[in-house]
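Participant: Taking the hints into account, I'd like the entire structure generated from these sequences.
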Amino acid sequence: MKEMSRIVKTVTNFVYGFIIIFGFYIIAHGHLTPGGGFQGGAVVGSAFALLLISYGSLNSKKFLKKDILSLFEGFGLILFIVLGFSGLGITFFYNFLANSGGWFGNAAVIGVNPGNMNTGGVIPLMNIAVGLEVLSAFGVIVLTMASAAEFTKKKENS
Numbered sequence: 002m003k004e005m006s007r008i009v010k011t012v013t014n015f016v017y018g019f020i021i022i023f024g025f026y027i028i029a030h031g032h033l034t035p036g037g038g039f040q041g042g043a044v045v046g047s048a049f050a051l052l053l054i055s056y057g058s059l060n061s062k063k064f065l066k067k068d069i070l071s072l073f074e075g076f077g078l079i080l081f082i083v084l085g086f087s088g089l090g091i092t093f094f095y096n097f098l099a100n101s102g103g104w105f106g107n108a109a110v111i112g113v114n115p116g117n118m119n120t121g122g123v124i125p126l127m128n129i130a131v132g133l134e135v136l137s138a139f140g141v142i143v144l145t146m147a148s149a150a151e152f153t154k155k156k157e158n159s
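Take the sequence shown: its position 44, counting from 1, is numbered 45 in our numbering, and each next residue is one higher.
Derived from the structure by calculation, the hints contain no laboratory data. One thing to keep in mind: the hints can contain errors.
Taking lysine to aspartate or glutamate pairs in the EDC-like style, the calculated list, with each CA pair at most 20 Å apart, reads [unchecked claim]:
{"hint": "1", "residue 1": "Lys62", "residue 2": "Glu4"}
{"hint": "2", "residue 1": "Lys63", "residue 2": "Glu4"}
{"hint": "3", "residue 1": "Lys3", "residue 2": "Glu157"}
{"hint": "4", "residue 1": "Lys66", "residue 2": "Glu4"}
{"hint": "5", "residue 1": "Lys63", "residue 2": "Glu74"}
{"hint": "6", "residue 1": "Lys62", "residue 2": "Glu74"}
Facilitator: Dropping the structure here:
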């Protein structure tokens, strides 16, 4: 896959950081607003696809490493499973941090939620784990598809 024009690369350079930040915003605020780990991970993964399309697969592989993305994918899955089993004394996926004080354990107010980040208990941590897994998996899928396209193109030219 070859590089796109200078205009496409310039727009990608400008927009790429905003897409990543917006994706992480969706992940972090998933327990307060529509969105969450999967949706935010898909947004960040689409930024990886944009980078691959605009710079080509050879240049993008310098920035996106399949091994590192696979490592983060595994870490996200393990974190999600650990959080699911952490409340197992009561039930699987028990929200043991809710209303406990501490970092994510403040009590939620009755009525309209004012948007306090620290009232979700375990839910924000699970959103982070799911977001990390999804963005890594999406990156691995995009890189694998680009490698397969390169292989097919080389095979056809031979």
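Participant: Does glutamate 157 lie within 20 Å of lysine 3 when you go C-alpha to C-alpha?
Facilitator: Holds - the C-alpha atoms of glutamate 157 and lysine 3 are around 16 Å apart, at most 20 Å.
Participant: Lysine 63 and glutamate 74 were given as a pair; does the straight-line alpha-carbon distance stay at or below 20 Å?
Facilitator: Roughly 19 Å separates the two Cα atoms, so the pair holds.
Participant: Holds or violated: lysine 63 with glutamate 4, Cα cutoff 20 Å?
Facilitator: holds (14 Å)
Participant: With a cut-off of 20 Å on the C-alpha distance, tell me whether lysine 66 and glutamate 4 pass.
Facilitator: holds (18 Å)
Participant: Hey, lysine 62 versus glutamate 74, does the alpha-carbon distance stay inside 20 Å?
Facilitator: holds (17 Å)
Participant: Is lysine 62 close enough to glutamate 4, meaning Cα to Cα at most 20 Å?
Facilitator: holds (13 Å)
In this structure, none of the earlier numbered hints is contradicted; all agree with it.
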